[in-house]
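Protein chains in written order, with this note's numbering: chain A, 1 to 281; chain B, 1 to 334; chain C, 1 to 307.
If you're looking for bench data, these hints aren't it; they were derived computationally from the structure.
Check the hints yourself; a few may be wrong.
List of simulated lysine-lysine pairs, DSS-like, C-alpha gap at most 27 Å [stated by the list, open to error]:
| # | chain 1 | residue 1 | chain 2 | residue 2 |
| --- | --- | --- | --- | --- |
| 1 | B | K334 | C | K58 |
| 2 | B | K295 | B | K255 |
| 3 | A | K272 | B | K302 |
| 4 | A | K221 | B | K183 |
Bear in mind the structure is a predicted one, so any value in this text is a computation, not a measurement.
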Amino acid sequence: MCDSNKNIYLPYLATVEEVIDETPDVRTLRLVFQDEQVRESFNFRAGQFAEYSAFGAGESTFCIASSPTRKGYIECCFRAVGRVTESLRRLEVGDTMGVRGPYGNSFPIEQFYGKNLLFVTGGIALPPLRTLIWNCLDLRDKFGDITIVYGARTEADLVYKRELKEWEERSDVKLVKTVDPGGNGPEWDGKVGFVPTVLDELAPAADNCIALVCGPPIMIKFTLPVLEKLGFGDEAIYTTLENRMKCGLGKCGRCNVGNVYVCKDGPVFTAKQVKAMPLEY
Amino acid sequence: MQKQITEANLRLLIDSLLLKGQRVVGPRQSGTMVLYEPLASASDLVTDELPRRSIKEAFFPVCEDLLEYRKEGQQIELKDIDPARFPETVLFGVRPCDAAAVPVLDAVFSWDYKDQFFLARRAKTTIIGLACTTADDACFCTAVGLSPNDPKGSDLLLTPLVGGGFLVESQSEKGLSFLEAWKDRFSEPDDTKPLPLAQPAATPFDLKKIKAWLDDHFEDPAWDSIATRCVGCGACAFVCPACHCFDIVDEGSEKAGKRRKFWDACGFSKFTNHASGHNPRDLQPKRYRNRIMHKFKYYDDKFGQTLCTGCGRCIRVCPVGIDIAGVLEEIEKK
Amino acid sequence: MIQTIDISSYSVITDAIRSEARRILSDSTVSAVIGYTAGRRKGSTQPIVITTADEADKLLFSAACLNDLVVYLTKAKKDVPKSGRIGIVVKGCDLKAVIGLLGESQLKRENLYLIGIPCSGVLGSLLKPSAELTTKTIASKCCECTDRLPVGCDFVPAVTPAPLPDLEKRYANEISQLEAMTPSERWEFWKEQFSKCIKCYACRQVCPFCFCEQCLCDRNRPQMVEQTPRPSGNTAWHLVRAMHLAGRCAGCGECERVCPMDIPLNLLNRKMAKELKELFNSEAGFEVRDTGPLTSYREDDDQSFIR
Numbered sequence: 001m002c003d004s005n006k007n008i009y010l011p012y013l014a015t016v017e018e019v020i021d022e023t024p025d026v027r028t029l030r031l032v033f034q035d036e037q038v039r040e041s042f043n044f045r046a047g048q049f050a051e052y053s054a055f056g057a058g059e060s061t062f063c064i065a066s067s068p069t070r071k072g073y074i075e076c077c078f079r080a081v082g083r084v085t086e087s088l089r090r091l092e093v094g095d096t097m098g099v100r101g102p103y104g105n106s107f108p109i110e111q112f113y114g115k116n117l118l119f120v121t122g123g124i125a126l127p128p129l130r131t132l133i134w135n136c137l138d139l140r141d142k143f144g145d146i147t148i149v150y151g152a153r154t155e156a157d158l159v160y161k162r163e164l165k166e167w168e169e170r171s172d173v174k175l176v177k178t179v180d181p182g183g184n185g186p187e188w189d190g191k192v193g194f195v196p197t198v199l200d201e202l203a204p205a206a207d208n209c210i211a212l213v214c215g216p217p218i219m220i221k222f223t224l225p226v227l228e229k230l231g232f233g234d235e236a237i238y239t240t241l242e243n244r245m246k247c248g249l250g251k252c253g254r255c256n257v258g259n260v261y262v263c264k265d266g267p268v269f270t271a272k273q274v275k276a277m278p279l280e281y
Numbered sequence: 001m002q003k004q005i006t007e008a009n010l011r012l013l014i015d016s017l018l019l020k021g022q023r024v025v026g027p028r029q030s031g032t033m034v035l036y037e038p039l040a041s042a043s044d045l046v047t048d049e050l051p052r053r054s055i056k057e058a059f060f061p062v063c064e065d066l067l068e069y070r071k072e073g074q075q076i077e078l079k080d081i082d083p084a085r086f087p088e089t090v091l092f093g094v095r096p097c098d099a100a101a102v103p104v105l106d107a108v109f110s111w112d113y114k115d116q117f118f119l120a121r122r123a124k125t126t127i128i129g130l131a132c133t134t135a136d137d138a139c140f141c142t143a144v145g146l147s148p149n150d151p152k153g154s155d156l157l158l159t160p161l162v163g164g165g166f167l168v169e170s171q172s173e174k175g176l177s178f179l180e181a182w183k184d185r186f187s188e189p190d191d192t193k194p195l196p197l198a199q200p201a202a203t204p205f206d207l208k209k210i211k212a213w214l215d216d217h218f219e220d221p222a223w224d225s226i227a228t229r230c231v232g233c234g235a236c237a238f239v240c241p242a243c244h245c246f247d248i249v250d251e252g253s254e255k256a257g258k259r260r261k262f263w264d265a266c267g268f269s270k271f272t273n274h275a276s277g278h279n280p281r282d283l284q285p286k287r288y289r290n291r292i293m294h295k296f297k298y299y300d301d302k303f304g305q306t307l308c309t310g311c312g313r314c315i316r317v318c319p320v321g322i323d324i325a326g327v328l329e330e331i332e333k334k
Numbered sequence: 001m002i003q004t005i006d007i008s009s010y011s012v013i014t015d016a017i018r019s020e021a022r023r024i025l026s027d028s029t030v031s032a033v034i035g036y037t038a039g040r041r042k043g044s045t046q047p048i049v050i051t052t053a054d055e056a057d058k059l060l061f062s063a064a065c066l067n068d069l070v071v072y073l074t075k076a077k078k079d080v081p082k083s084g085r086i087g088i089v090v091k092g093c094d095l096k097a098v099i100g101l102l103g104e105s106q107l108k109r110e111n112l113y114l115i116g117i118p119c120s121g122v123l124g125s126l127l128k129p130s131a132e133l134t135t136k137t138i139a140s141k142c143c144e145c146t147d148r149l150p151v152g153c154d155f156v157p158a159v160t161p162a163p164l165p166d167l168e169k170r171y172a173n174e175i176s177q178l179e180a181m182t183p184s185e186r187w188e189f190w191k192e193q194f195s196k197c198i199k200c201y202a203c204r205q206v207c208p209f210c211f212c213e214q215c216l217c218d219r220n221r222p223q224m225v226e227q228t229p230r231p232s233g234n235t236a237w238h239l240v241r242a243m244h245l246a247g248r249c250a251g252c253g254e255c256e257r258v259c260p261m262d263i264p265l266n267l268l269n270r271k272m273a274k275e276l277k278e279l280f281n282s283e284a285g286f287e288v289r290d291t292g293p294l295t296s297y298r299e300d301d302d303q304s305f306i307r
């Protein structure tokens, strides 16, 4: 993407290969690049994002939700809340959309080798961590224990339901799923309670463990103190930040939080870095 | 290298450039305003007034196409923009406060990803600066480390001489090549003295001291008192030689259209608005704070430069008289 | 021949504003006063919101007090504290905006403490804020002003402004020139003017009547007017705005003053106002009314254009 004569705003074209409705309002699109060279050479790291185009409506920023270990396709996962996402939602299998990327920094996965991993996330914030989860599961013996704490408002709001089942059935992953009080249906077999509360009860060991947290601001606000109480240091906790973006590559001046550009210095940050940022996100 | 040129030869030079089909842009009367616009003849050139807008638009247009798209069935066809089509340009009569901003903008437009819309135009443009002999009370280039004859950003710098004519000093390879290509028009410098330079009344700011305050005062009641009056338009950002925020939008239909980039401003209320409705900079003082922070702290943190050249346009154009030099004075006093 | 305008009353007015502001802030008649204060550049002024009596000496009135402060009372300006009664310095032209907003239920009279200014005119532009006020530098709107002594205010300094010399009726002249053009000449004129627009929205942001929390042109579902500063989108923007203001615009002229590209926006609004006067015998800014000619229907409305 740093080719000197290239138009950095020109997207790759990708075909929608599969449309998956994760929940009534959250959709995953599986995309295959149309150009063979791009298909072979496109490479990214877990945590990076892309600018996805619905031509005629514009571009929208989401993480690349599939794992870099799975070749041949990429996935994005989004809720239709605005003009572009509504247009993306109208795409059918065989339609064409645009992809610009990969942009941003990534999880320093090599620094996690040999450690236990604790994923804490909720609702539609699972996709940015899901890429890392599969990345780690595909390299399973490089890591210690892997625990996933995932919750949503209701059962219907849980994303990647098929994969939650897969993770539950694996013996080398511990999945703790939960819904908010009142969000459980009659056959719910997980926990009932807010994610921070469930995490507190679970009390995973902080020793030699990296915590990866992604969720709505309210969830982060109550989860960080629990992790601190459990003994996780600020540099052992990672998160991804979201902010309004347009160019995705550090020029349009929109996504900065203080002097930190979320599209260039992020979106992956440690809790230590987030605490040093002004409250502008 | 130093040369000299008479006023008459300068105009002949411009006309010769135009005759050759060379695009020449300079300060020109445009209705009620003076703007940097393509000249049709040397007589168009106006040298006694600061143009209303800066020259950033020679490299960073107000609006430009990024690509064209067309839908055929389920397929999309994209048409790219060819930077080879950007014209070679000579910018004449560029004030030092405008020229100095161009290398400052180079930093962000080449930060990892090379923006060819900016850089290809840069490569094809020769900047001929003109030192200032007059200033008004909104000018404050001297307060931010520049001067009315600062060569920063110019390939050639012209300094007006007593009795007419200009001293010509090359500042770059491009400047030297230009002097070589047009050497018949220039003469060797004689002892003619330059006209006295403009003397903006502004005393130099201690930019380090100001930055140190900004480093520690993200939250401060001063932002409310400074910026409650700001009405949130984009006038200051648009006339500024250094502001470079932009938006990207698709215009047309889902069947065919263009993707365009165009000027945006951090002062607009919806600039940081998320689709969910969450807006990290939801009140005007927060947005104004970002303007000052970006110019005098963040750009320094990232690129070691100040994002302001003291041209004073924002002061002249602000609907509610916000005076950035006054704001800096206030901060420096703290 | 250029004549100087007598503004000796302005220093008396300044003192009067200060003492009144001090009084109404000390006894809590109001929680804040919106007025003008000095800027850094010689002669320049800027709006200020003061909330304590000891800030009263910051207020002033001079020929550089161009701003229509009424914009700060509208819901578009959420940052200005609006609890309790607010004092505001208004010239006659600004008062018309207050009247319009009262009619549109945007303001409550009992929440305002109007400090009216017996005005001898203000400068047309702040490019040279220390310029002397003369028949040449005076604002075009002042040349046709009929509201030098604002009525219905809570406090007006006891000063009678000196009579103004004969002033050329610039707007009337501009409108005549416009009306002398053929429709296609007029279209060319406005197209050229609108092509200068860079979509800074200064016109919208200073207008007391552009108080919509989300402007039609900022919505993207659907995108009614193109956002980019290109001639067709610019024309659409200005026409939409002129139509949204027709019957409401009180002619403060701020839009034209603040436009960095010198687009004669007030000419457009004044011409629209003239049309409305002729078609519906209606003028904005004189009486508090809750409907205007374009927001009401009458059986006897002219229908001759329907063929």
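Here is what the structure says about each hint:
Between B:K334 and C:K58 the alpha-carbon distance is near 20 Å, which keeps this suggested pair within the 27 Å criterion. Restraint check for B:K295 and B:K255: not satisfied, since their Cα atoms lie roughly 41 Å apart, outside the 27 Å limit. For a cut-off of 27 Å, the pair hint linking A:K272 to B:K302 stands: about 20 Å separates their Cα positions. Restraint check for A:K221 and B:K183: not satisfied, since their Cα atoms lie roughly 69 Å apart, outside the 27 Å limit.
The structure does not agree with the numbered hints 2 and 4 stated previously, though it agrees with the rest.
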